[in-house]
Amino acid sequence: MMQYKALEISVGLFVSAAMAALFFLAMQVSNFNALQNTNSYTLTAHFDNVSGLKTKSLVSMAGVPIGRVTEISFDPENYDALVKMRIDARYNTIPSDTSASILTAGLLGEKYIGLTPGGLDEFLQEGDAIELTQSALVLEKLISQFLFQSASKD
Amino acid sequence: MKFFHSIGQISLQSLAKLGRSTLFLSAIINSLGYPLLRPKLLIRQIYSVGVLSFWLVAISGLFVGMVLGLQGVYTLSTFGAESSLGIMVAASLVRELGPVVSALLFAGRAGSALTAEIGLMKTTEQLSGMEMMAIDPLKYIIAPRFLAGFISLPLLAALFSAIGIWGGYIAGVELLNVDVGAYWSQMQSAIDFYDDIVNGIIKSIIFAWIITWIALFEGYDATPTSAGISRATTKTVVNSAFAILLFDFLLTALMFGTS
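Protein chains in written order, with this note's numbering: chain A, 1 to 154; chain B, 1 to 259.
Bound-form chain A, shown alone:
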């Protein structure tokens, strides 16, 4: 009987070690704890060009992640891109004249949306649209612009 108890204890240790491993994977390795809560609100923004932006890309303000992109779709009426993003409900005092631009982390890094706060006293609510947007920087366009300018100077 004593032997069976030792066996039960070892099984218990095994299962709890595995549960600890799962907990570690969820909390330390993945983004399970960050921005998973349902307390969030949705904002939309129209961009002329979103090249490189993906769903789940970060939305940040002053470099701090405050939300994620949830949906990117093509708007057939305006011929531009409609981006939906979910912002953590803690940050509910974003001025309504805030501007959004698509930025790149590092030279070749991932694209993210950077919000620059405006000065109005009204705040963005659930479903509101960010009016002022700046498109993604397309490297090829920039290079051709640079080449074209330097050629016309001569």
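There could be a bad hint or two in this list.
Claimed, not checked - Take a look, some chain A residues computed to stay more than 12 angstroms from chain B by CB distance: (1) 46; (2) 49; (3) 61; (4) 84; (5) 89; (6) 118; (7) 121; (8) 127; (9) 131; (10) 137; (11) 141; (12) 142; (13) 144; (14) 145.
To be verified - Computed beta-carbon distance windows for the label pairs: (15) B:52 x A:73: 49 to 55 angstroms; (16) A:104 x B:238: 46 to 52 angstroms; (17) A:8 x B:245: 31 to 37 angstroms; (18) B:228 x A:27: 47 to 53 angstroms; (19) B:198 x A:8: 26 to 32 angstroms; (20) B:79 x A:141: 22 to 28 angstroms; (21) B:29 x A:27: 33 to 39 angstroms; (22) B:79 x A:146: 22 to 28 angstroms; (23) A:51 x B:16: 53 to 59 angstroms; (24) B:132 x A:27: 50 to 56 angstroms; (25) A:8 x B:140: 15 to 21 angstroms.
Keep in mind that the hints were calculated from the coordinates and are not lab data.
Everything numeric in this text was worked out from a predicted model, so none of it was measured.
Every residue gets a Cβ at the ideal spot worked out from N, C-alpha and C, and that includes glycine.
Given the coordinates of chain A, work out where chain B should sit on it, guided by the hints.
Leaving out everything else, chain B in the frame of chain A:
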């Protein structure tokens, strides 16, 4: 003529085996309720299938993670991207190596033991003896082992991944001076709980089902001689390895193929 005869024989035999194994599986599933009512049987099997595989899986996980860390730093430093080491180690472990390598180890360590045990029980007519005493060996012997494998392998795979990520930390951060903050924070921002970790667990549940099914069936279906048991044990390990790698490809294509 002899050629066609042998082809026909082989295909009929393998079809018959497929049919027998499917009937066997449905019989196991029908009797799965029994070990839940008798948790003592189940715990004993979790011990022999899961707990005894723990050290093998833990040590392999540690070294696989450390190797990933070393190789990752050597390759990534060519691009000056050592800070992405955490993503590389964690994504490859959680998505692929954790479920697959722990399943291969599990097939070698626990699957072969299951086959040999059941095969020997059959050879020494313990299974028939139980039937004589009106004890259903499917309920009493097979079902607890099946359920134990089902419970143990996902736990072992989670342990493998967690210990491997820790091993990558030792090799990358402690030995080769990758930045600690970059290792963890890049990992957290890139690994998604549902897309990566839950899919890895689903993979290992499917592998557990394949391995225990193959192992128990090969033991139950073994020719009751000593040569038959040895052949069945070999078949378990070889067929499980094939099935794991094949299903891993299919599952990866299904889970990660579109994104």
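Structure-based check of all given hints:
no.: 1; hint: 46; verdict: holds (25 angstroms)
no.: 2; hint: 49; verdict: holds (22 angstroms)
no.: 3; hint: 61; verdict: holds (16 angstroms)
no.: 4; hint: 84; verdict: holds (18 angstroms)
no.: 5; hint: 89; verdict: holds (20 angstroms)
no.: 6; hint: 118; verdict: holds (27 angstroms)
no.: 7; hint: 121; verdict: holds (33 angstroms)
no.: 8; hint: 127; verdict: holds (25 angstroms)
no.: 9; hint: 131; verdict: holds (29 angstroms)
no.: 10; hint: 137; verdict: holds (21 angstroms)
no.: 11; hint: 141; verdict: holds (25 angstroms)
no.: 12; hint: 142; verdict: holds (22 angstroms)
no.: 13; hint: 144; verdict: holds (26 angstroms)
no.: 14; hint: 145; verdict: holds (27 angstroms)
no.: 15; hint: B:52 x A:73: 49 to 55 angstroms; verdict: holds (53 angstroms)
no.: 16; hint: A:104 x B:238: 46 to 52 angstroms; verdict: holds (49 angstroms)
no.: 17; hint: A:8 x B:245: 31 to 37 angstroms; verdict: holds (35 angstroms)
no.: 18; hint: B:228 x A:27: 47 to 53 angstroms; verdict: holds (49 angstroms)
no.: 19; hint: B:198 x A:8: 26 to 32 angstroms; verdict: holds (29 angstroms)
no.: 20; hint: B:79 x A:141: 22 to 28 angstroms; verdict: holds (25 angstroms)
no.: 21; hint: B:29 x A:27: 33 to 39 angstroms; verdict: holds (35 angstroms)
no.: 22; hint: B:79 x A:146: 22 to 28 angstroms; verdict: holds (25 angstroms)
no.: 23; hint: A:51 x B:16: 53 to 59 angstroms; verdict: holds (57 angstroms)
no.: 24; hint: B:132 x A:27: 50 to 56 angstroms; verdict: holds (53 angstroms)
no.: 25; hint: A:8 x B:140: 15 to 21 angstroms; verdict: holds (19 angstroms)
The structure is consistent with each of the numbered hints, conforming to all of them.
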